[in-house]
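Given the structure of chain W, go ahead and fit chain A onto it with the hints provided.
As you go down the protein sequences, you meet chains W and A in turn.
The numbering of the first sequence is this note's numbering, which starts it at 963 and goes up by one.
The numbering of the second sequence is this note's numbering, which starts it at 42 and goes up by one.
Just so you know, the hints here were simulated from the structure itself, not pulled from any lab data.
Keep in mind that the hints are not guaranteed to be accurate.
Derived pair list, reagent style SDA-like, types lysine to any residue, alpha-carbon separation capped at 25 Å [as the list claims (entries may be wrong)]: (1) Lys1122/W - Asp357/A; (2) Lys1122/W - Ala111/A; (3) Lys1122/W - Tyr99/A; (4) Lys1087/W - Asp357/A; (5) Lys1089/W - Leu363/A; (6) Lys1122/W - Ala181/A; (7) Lys1243/W - Ala198/A; (8) Lys103/A - Ala90/A; (9) Lys1045/W - Asn201/A; (10) Lys1243/W - Pro311/A; (11) Lys1089/W - Pro75/A; (12) Lys1243/W - Ala181/A.
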Amino acid sequence: MLAYIVRRLLWLPVLLILISLITFALGIYGPGDPVQVMMGLHARPDIIAQVRKEYGLDQPFPVQYWNYMTNALRGNFGYSLVKYQGQRVSDLIAKRLPVTLQLNLVSVCWSLPLAIALGIFAALKRKSWLDVFLRGMVILAVSIPVIGLQPVLTFLFSRKHEIGPMTLGPFLPVGGWGGIFSPQVILPAFILGLGVLAVFTRQTRAAMIDVLNADYVRTARAKGLKEWMVLVRHALRNALIPLVTLIGFVLAGMFAGSFIIESFYGIPGVGQLAYDALISKEYYIIMAFTLMIAVVYVLMNLLIDILYVFVDPRIRYK
Amino acid sequence: MAVTAPALTAPPEIETEPRAAWRETWRRFARNRPALSGLVVIILLFLTALFGPALAPYGYAKTDLDSVNAPPSAKHWLGTDDLGRDMLTRMIYGARSVAFVIVIVATVSLTLGVTMGALAGYFGGATDTFISRLIDVLFAFPELLFIFFIAATIKPALVNNLKAFAQANDLQWLVEFVRSGYADYLVVMLALSVLGWAGLARLVRAQFLSLREKEFVLSAQAVGVPGHKIILRYLLPNAMAPIIVAISMGLGGIAIAEGVLAYLGIGLQPPNPSWGNILADNVGRHWRDWPDMLWLVFIPVIIITTVVLAFNFVGDGLNEALNPEL
Chain W
963 MLAYIVRRLL WLPVLLILIS LITFALGIYG PGDPVQVMMG LHARPDIIAQ
1013 VRKEYGLDQP FPVQYWNYMT NALRGNFGYS LVKYQGQRVS DLIAKRLPVT
1063 LQLNLVSVCW SLPLAIALGI FAALKRKSWL DVFLRGMVIL AVSIPVIGLQ
1113 PVLTFLFSRK HEIGPMTLGP FLPVGGWGGI FSPQVILPAF ILGLGVLAVF
1163 TRQTRAAMID VLNADYVRTA RAKGLKEWMV LVRHALRNAL IPLVTLIGFV
1213 LAGMFAGSFI IESFYGIPGV GQLAYDALIS KEYYIIMAFT LMIAVVYVLM
1263 NLLIDILYVF VDPRIRYK
Chain A
42 MAVTAPALTA PPEIETEPRA AWRETWRRFA RNRPALSGLV VIILLFLTAL
92 FGPALAPYGY AKTDLDSVNA PPSAKHWLGT DDLGRDMLTR MIYGARSVAF
142 VIVIVATVSL TLGVTMGALA GYFGGATDTF ISRLIDVLFA FPELLFIFFI
192 AATIKPALVN NLKAFAQAND LQWLVEFVRS GYADYLVVML ALSVLGWAGL
242 ARLVRAQFLS LREKEFVLSA QAVGVPGHKI ILRYLLPNAM APIIVAISMG
292 LGGIAIAEGV LAYLGIGLQP PNPSWGNILA DNVGRHWRDW PDMLWLVFIP
342 VIIITTVVLA FNFVGDGLNE ALNPEL
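Next up, chain W with everything else stripped away, as it sits in the complex (with noise of 0.2 Å):
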């Protein structure tokens, strides 16, 4: 056990330096040229032997690699080139990340606690209409991709809709952000969420059936318990054990909905930052988003890892 936790860590910063290369030599060795990428086609000659100087660009990876990193480390990612000119990048993000990071917690909050009821009741009811309807319904949800979702959805709920004499709508505002209580966050956080609800139905109904079939939950009804008691104390607590390790998977799946919802309805988190800076090509930002997702979503498995051995006496990692 605490082999397993040595060599995990030991493993980590291994694994945080290949993905800090990995992002580093694509973002700036991937696009070409990276001050021609930045500069455009026509600039002059002496300008970007200028530029080059003044960015580190001419000198040899390993050295920009390593300027570049310790350089992150100290918080600094760069600065923006073209859209917010001079601004750094971690700035930038700083003053993003609370937005997206409501947004994300409202759709897990609305989204986790009805996906664990409708995974519990699938899974009491299993086979009945309840069961088989909301397992369609989990298919469907994720097999309509977010970029169809959006326009379709915002079309229906935010529009007046004349249906013969009658005027319909709109029923909510979308766009932009009015923080967490406002109507505006309903569209987006119901979009980013069904991702979660879909999940966590089908995990909590698949494990919720494990559970109700095992000896302790047929104990503790042969010994009289109420049958409620036998399904929170005893089924539902060893049942959503296993769905600790879908968190990890739900925070990456979100940071990659925010990057799409938020551009399309003008929420300005990060994501809407890495989306523009996708468009207009700066890829300072694109890496440090690349790089501040990636080493937390490794910290997040690693601490989820971790946490299950406490969490579930019975797990022992060899």
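Showing chain A alone in chain W's frame:
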């Protein structure tokens, strides 16, 4: 007193039907209505892709300025977009690109994933450590973001270098290749395959690790069957079911990723049609520009969803048919 040996009689004929297991699987699969209808949709998709140019009523970039943003009619079954291009034609060509990407990415991921997974799982040791660590590094990035990142960063370099190379060497076909947008396909496929194989390799490795301890493998090793034969004849067929399920479950994801990449402008470039950039063009980049012409957006959304749904149903059906105990 001679002990007479019992006469050696041939063992009773065992009725063997060579492919009985697969037939049984098919029977279980065919009972599953959604899976079967999903299969029909997928076959239709690939037929459309294959015969696209013959089926399409117009050219995919042909503009009809007399009917711009026209609703569906006899002339244009699915209407036209803001440049007067026939939507049906564009959707058919979009089907070609998504089918093309799916076939290539699935093939590359399968080949690479099974090979690497088999090597790691069967030989263990340093091979295993190297491959497993490589997979760990790839999985350290959140999947979709990594795909965006790869596509965004390698694309300009790849396209520009190909173009420069073609012009320097005066290769007319390569210039055409880059201009026709096939280089964009290359980027999308590369980005999707880089991650695609890793998940599969991990799965195959785990399968092989447990299978190689089984008696039938040990006995094969004992009589001296060479390693590559053990992998191909003994291990792979037994690991087939989860591989098939994993691949089929991933196809819908590839279709979505292709669409999203094109939508974000880092996949296939306009005017070459992909469902993703058709949607992006028609929605407008911003919700305020979202037009009143429903067919422009609803048709791509419905078709993308139907296709992804079909892949997911088939994956689900295969999963149930191959793992009946679930």
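Hints versus structure:
no.	hint	verdict
1	Lys1122/W - Asp357/A	39 Å, violated
2	Lys1122/W - Ala111/A	22 Å, holds
3	Lys1122/W - Tyr99/A	35 Å, violated
4	Lys1087/W - Asp357/A	20 Å, holds
5	Lys1089/W - Leu363/A	20 Å, holds
6	Lys1122/W - Ala181/A	45 Å, violated
7	Lys1243/W - Ala198/A	12 Å, holds
8	Lys103/A - Ala90/A	19 Å, holds
9	Lys1045/W - Asn201/A	24 Å, holds
10	Lys1243/W - Pro311/A	18 Å, holds
11	Lys1089/W - Pro75/A	16 Å, holds
12	Lys1243/W - Ala181/A	24 Å, holds
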